[in-house]
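Novice: For reference, the chains in residue letters:
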Amino acid sequence: MATRARTDEKTLGSEKLREALVGYGFILLPLASFFVFSIYPLIYALYISYFDWGALGKIDNVGFGNYREIFDDFLFRKALKNTLLYTAVVVPCQMALGLSMAVIVNQALRARTFFRAAFYFPSLASSAAITAIALYLLSSDGLLNSIIGSVRGETYAHSWFGESSTALQSIMGLNIWTTSGTMMLFYLASLQSISTDVYEAAAIDGAGSWRTFWKITFPLLKPGHFFVAVISVIGSLQIFDQAFFVSGGGGGPNYSTMTIVLYLYNTAINEVRFGYASAVGIVLFVIIFTLTLGQRLLFGRAESA
Amino acid sequence: MRKRLALPVVLGVVVVFAAVLAAGSQGKTDVASSSHATAASGSVTLSGWSVGKTEEELLNQVVSAFERKFPKIDVKYDSIPNYDQAMLAKFSARKPPDVFYLNSEKAPTWISQGLIAPLNSYVSKSKFPTKPFYPRLLGAFKAKGNTYGFPKDWSPLAMEVNLDLLAKVGAKPPKTWAQLRSVAQKLKSVMTGTARPICLATEWQRMLAFVYQNKGSVLTKGRPTFTSPAVRQAVEYYVGLQRDGLGNSPAKLGAGWCGEAIGKEKAAIAFEGNWAYPYLPETFPGLKWRFYPMPKGKVPGTLAFTVAYSTSPASKNKAAAWELIKYLTGPAGMKLWTSKGLALPARSDVKVNFPAPSRKPLLSEAGYAHVWIWPNGWDKVWTVGNNELGAVFEGKQSIPDMLSKIQSEAQSAR
Amino acid sequence: MTTGDSESRLPPVPPVVAAEQLALEGETAAGTPPPPSLPGRERADTVRRILAYVGLILISILFFVPFLWSISTSLKSLPETAGFNFLPAHPSFRAYDSAITSFNFKRYFANSVFLATVVTMTNLFLSSLGGYAFARLRFPGRELLFMLVLGTLMIPNELRLVPIFQMLTDSPVFHLHLIGTYQGYFLINLVGATTLFLMRQYFLTIPKDYEEAAKLDGAGYFKTYRRVMLPLAGPALAAVTILTFQGTWNDFFWPLIIFLGDESKYTLPLGLFQFRTQYQTLWPQLMAASVIAIVPIALIYVFFQRYFIAGVTAAGVKG
Numbered sequence: 016m017a018t019r020a021r022t023d024e025k026t027l028g029s030e031k032l033r034e035a036l037v038g039y040g041f042i043l044l045p046l047a048s049f050f051v052f053s054i055y056p057l058i059y060a061l062y063i064s065y066f067d068w069g070a071l072g073k074i075d076n077v078g079f080g081n082y083r084e085i086f087d088d089f090l091f092r093k094a095l096k097n098t099l100l101y102t103a104v105v106v107p108c109q110m111a112l113g114l115s116m117a118v119i120v121n122q123a124l125r126a127r128t129f130f131r132a133a134f135y136f137p138s139l140a141s142s143a144a145i146t147a148i149a150l151y152l153l154s155s156d157g158l159l160n161s162i163i164g165s166v167r168g169e170t171y172a173h174s175w176f177g178e179s180s181t182a183l184q185s186i187m188g189l190n191i192w193t194t195s196g197t198m199m200l201f202y203l204a205s206l207q208s209i210s211t212d213v214y215e216a217a218a219i220d221g222a223g224s225w226r227t228f229w230k231i232t233f234p235l236l237k238p239g240h241f242f243v244a245v246i247s248v249i250g251s252l253q254i255f256d257q258a259f260f261v262s263g264g265g266g267g268p269n270y271s272t273m274t275i276v277l278y279l280y281n282t283a284i285n286e287v288r289f290g291y292a293s294a295v296g297i298v299l300f301v302i303i304f305t306l307t308l309g310q311r312l313l314f315g316r317a318e319s320a
Numbered sequence: 042m043r044k045r046l047a048l049p050v051v052l053g054v055v056v057v058f059a060a061v062l063a064a065g066s067q068g069k070t071d072v073a074s075s076s077h078a079t080a081a082s083g084s085v086t087l088s089g090w091s092v093g094k095t096e097e098e099l100l101n102q103v104v105s106a107f108e109r110k111f112p113k114i115d116v117k118y119d120s121i122p123n124y125d126q127a128m129l130a131k132f133s134a135r136k137p138p139d140v141f142y143l144n145s146e147k148a149p150t151w152i153s154q155g156l157i158a159p160l161n162s163y164v165s166k167s168k169f170p171t172k173p174f175y176p177r178l179l180g181a182f183k184a185k186g187n188t189y190g191f192p193k194d195w196s197p198l199a200m201e202v203n204l205d206l207l208a209k210v211g212a213k214p215p216k217t218w219a220q221l222r223s224v225a226q227k228l229k230s231v232m233t234g235t236a237r238p239i240c241l242a243t244e245w246q247r248m249l250a251f252v253y254q255n256k257g258s259v260l261t262k263g264r265p266t267f268t269s270p271a272v273r274q275a276v277e278y279y280v281g282l283q284r285d286g287l288g289n290s291p292a293k294l295g296a297g298w299c300g301e302a303i304g305k306e307k308a309a310i311a312f313e314g315n316w317a318y319p320y321l322p323e324t325f326p327g328l329k330w331r332f333y334p335m336p337k338g339k340v341p342g343t344l345a346f347t348v349a350y351s352t353s354p355a356s357k358n359k360a361a362a363w364e365l366i367k368y369l370t371g372p373a374g375m376k377l378w379t380s381k382g383l384a385l386p387a388r389s390d391v392k393v394n395f396p397a398p399s400r401k402p403l404l405s406e407a408g409y410a411h412v413w414i415w416p417n418g419w420d421k422v423w424t425v426g427n428n429e430l431g432a433v434f435e436g437k438q439s440i441p442d443m444l445s446k447i448q449s450e451a452q453s454a455r
Numbered sequence: 002m003t004t005g006d007s008e009s010r011l012p013p014v015p016p017v018v019a020a021e022q023l024a025l026e027g028e029t030a031a032g033t034p035p036p037p038s039l040p041g042r043e044r045a046d047t048v049r050r051i052l053a054y055v056g057l058i059l060i061s062i063l064f065f066v067p068f069l070w071s072i073s074t075s076l077k078s079l080p081e082t083a084g085f086n087f088l089p090a091h092p093s094f095r096a097y098d099s100a101i102t103s104f105n106f107k108r109y110f111a112n113s114v115f116l117a118t119v120v121t122m123t124n125l126f127l128s129s130l131g132g133y134a135f136a137r138l139r140f141p142g143r144e145l146l147f148m149l150v151l152g153t154l155m156i157p158n159e160l161r162l163v164p165i166f167q168m169l170t171d172s173p174v175f176h177l178h179l180i181g182t183y184q185g186y187f188l189i190n191l192v193g194a195t196t197l198f199l200m201r202q203y204f205l206t207i208p209k210d211y212e213e214a215a216k217l218d219g220a221g222y223f224k225t226y227r228r229v230m231l232p233l234a235g236p237a238l239a240a241v242t243i244l245t246f247q248g249t250w251n252d253f254f255w256p257l258i259i260f261l262g263d264e265s266k267y268t269l270p271l272g273l274f275q276f277r278t279q280y281q282t283l284w285p286q287l288m289a290a291s292v293i294a295i296v297p298i299a300l301i302y303v304f305f306q307r308y309f310i311a312g313v314t315a316a317g318v319k320g
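One line per chain: the protein sequences are E, B and G, in this order.
With our numbering as the guide, the letters of the first sequence map in order to residues 16 to 320.
With our numbering as the guide, the letters of the second sequence map in order to residues 42 to 455.
With our numbering as the guide, the letters of the third sequence map in order to residues 2 to 320.
Careful: at least some of the hints might be erroneous.
Below 30 angstroms or equal to it, Euclidean Cα-Cα: the simulated DSSO-like pairs (lysine-lysine) are [what the hints assert, rightly or not]:
| no. | chain 1 | residue 1 | chain 2 | residue 2 |
| --- | --- | --- | --- | --- |
| 1 | B | K94 | B | K216 |
| 2 | E | K31 | G | K224 |
| 3 | B | K94 | G | K266 |
| 4 | B | K185 | E | K73 |
| 5 | B | K117 | G | K266 |
| 6 | E | K93 | B | K147 |
| 7 | E | K31 | G | K209 |
The hints are simulated quantities; they were obtained by calculation from the structure and are not laboratory data.
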């Protein structure tokens, strides 16, 4: 009896070892890829952010000089302000719109497949194509102005991307429109993980659908809120393509489309200041990290992974 | 769908890894082949950006003329889109082309980082005469007594005028600031919708011409002088045109840039350069327009942009590279290069017979053109400058405040 | 770090059969039927229903109009674009002609297809393999490593700009020169944290009985993965396929960094950007180029959307 147990243990042990080795083997390539192309770059960026670093490498050791310069630089402050404003507007709108659309297409509707596909459709197109279309629709002689003009009965020629009062807002609107579909999908997944029993109980209690939604569905979606909020915040803080496309890289008019990443890109590529650009990137990483952590606290320990 | 997916996936991964490995073995730095030839022979790579097919063909002609003259040197030319960034990659990899375009705008940054080789020793060794180059153009590529490149061609800003629209109101192309205003006043009646008489770019890369016309300067003896009265007056004149409804920015007119505004007849007058060719005639064939010299303020003045041929310290065939630079910017090469009238010669000893009189006004500005060239770190100054100018156009910023903002940015530029 | 118990902490998941079925039927999972209506409410319900449909149709129009408008513009002449007519007066493909002849959009198209296909394949393989290991195989440090993988999502793409740029121009140790090569692009996009996460979550939803049966047959881990798990993961693989394909197809940033110097390697978004710098506000041409960039991915979506949505919803957000 005792001998048998020991052999079992032994085969069990070697079996465990085998499983572990196979496990490491399976994750080897993905993990290597994350180490080499994500984690190593992070460390490297941190390293060179302490130097004046040019196209040919190290020029000078500046210590915290790059970081000090960032906080003295009003262009960076403009970029930070724009990026935070953008995030503060876009994230709640994306979440609200995504959730509403998810709730709608989760109903027993006719042709809900069609609606679901329709809502997701703008998420498909590339930022370059969608921005090109937006540039046209929102140009001073574009469709939107034609509509406004025909409503008002006089020509309306506001250049939406050309004026600082509306340039960033137009990008916000554009991105809320294009990415809400993705958020809808994530919410849809979350909605479907809620057990039907809960609703049945609510129905027996005589709760209306509005009340059911706010009292039951909404709180139960906590993990979904967390996931969507994190994805949305990370994406919003990295806004680049549209700002680059719209302003041609200059962040204009009147700094309104200058974002952190556009600023980073300009310092790296135009000014060839790799060290400084990396310091900007590290600051952005710290912001993202802090906000993600904050969201985690906000949504409680919504079980992640 | 199971089997249909799995097999291609595995195959695909195998293919990718094979490809990556193959690339790796090819890509290893080839130190052995770096020959330090003393006599000019071997192959050189030549890179620039392309403005159009006609220009590219012309450059190929010039290159073959060179190869006939120097049969031992083999030139490989390729044009690079997104040039500045692409070159940065090549510099970082220490594999720049042997001869390449150097934009005056990029010159300070690239020179200060040691990416461009000084040519002084070659010049003195081969007794290359530098006198014939327009001094203002050559000056753009000099730093601390070294010459880093020789200009291949250049373009000043000039005035694009839509002749039909001017004829409609019976106006002649303006020659002075006062005439520009009065012509614009007349044009107001024929410009409908978003269109305005003048296209005014919200860029210092255009407006600065007016500063020079007012005898102003934003950099005097190495010090920024944005807040000087001459600068302020010029800006007031330029912005005043917009304030009085005589002009507007291209975005407000419904165009991407002023050349396009002319093409779409959103404006009758604009200030652009040689790059209007071949764009305008090709894209808007029916348009009747001409170049005229910039209007004169206190003095005639304009802004110029130039590009040089340079080489890098990392070049492995410097002797041949120098032969190529010498030929391309020498009298024979430049004569050929500018013969079709696509580019303006950077040497006063190269005379061009333009097939059409259209570009003569540009060349006539050579004597008073100021080259767009700034100290290292001024990239950001102009980013700030253009954003501030945009704010001024929107009425959200006053001109003096804008100028002092740019002034302080320029003072702290590094 | 005890392993194994993390699975039990996860909320109940829809059974895999439902996910497969919904993929086939193109309908959402059996999760949430609407609250059963009480007697006497039917009329109000009908009215609400009609209102809901009207609202939905309006929203859908809002979502489609810009695309339809850009297609119609691409068939117009420039002066006509300032007008308000939806249908072009004299539809012509001239704008497409000039897009294809002045820029090599055929080439960009081929490049986009090639890049998206290869990246999709490596992602399918590596994310399913890794996802299987993270979901099912027990090894020390598993949770920690998985958190690390997820953590990389927080590293901004752009922070990686300079390091990856330098790494690709002249990599440490191997001295590869991969900037401007397809291989460089493939390498940095071998597998994404999102797709790995998605696969792992999906594998967690598959009951263990299947593997145990395979184990009894004496199948090894790779065989189990290949013969048992992969076939069961159809919807998730479809989701990974579309997400990755779409992501690569639309990627602007990395092609901008990697291929910028070589027009022959341009992808559609890069081509579109070049195009925009030249054509500025020549709307018909710009819209034609945009349509060229959007239509293929839209077609793929139309054909695969049922699998796609099923995959994302079944594996997507369990927290």
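Novice: Against the 30 angstroms threshold, does the CA-CA distance of K93 of chain E and K147 of chain B hold or violate the hint?
Specialist: This hinted pair holds, its Cα atoms lying about 25 angstroms apart.
Novice: Within 30 angstroms, alpha carbon to alpha carbon, are K31 of chain E and K209 of chain G?
Specialist: Satisfied, since the Cα-Cα distance of roughly 17 angstroms is no more than 30 angstroms.
Novice: Tell me if the straight-line CA distance from K185 of chain B to K73 of chain E falls inside 30 angstroms.
Specialist: Answer holds: K185 of chain B to K73 of chain E is near 22 angstroms, not above 30 angstroms.
Novice: Given the hint that K31 of chain E pairs with K224 of chain G, does the C-alpha gap stay at or below 30 angstroms?
Specialist: holds, 17 angstroms
Novice: With a cut-off of 30 angstroms on the C-alpha distance, tell me whether K94 of chain B and K266 of chain G pass.
Specialist: holds, 19 angstroms
Novice: Please verify whether K94 of chain B and K216 of chain B have alpha carbons no more than 30 angstroms apart.
Specialist: violated, 35 angstroms
Novice: For K117 of chain B and K266 of chain G, compute the direct alpha-carbon distance and say whether it is at most 30 angstroms.
Specialist: holds, 19 angstroms
Figure legend: structure checked against the earlier numbered hints; the only hint not met is number 1.
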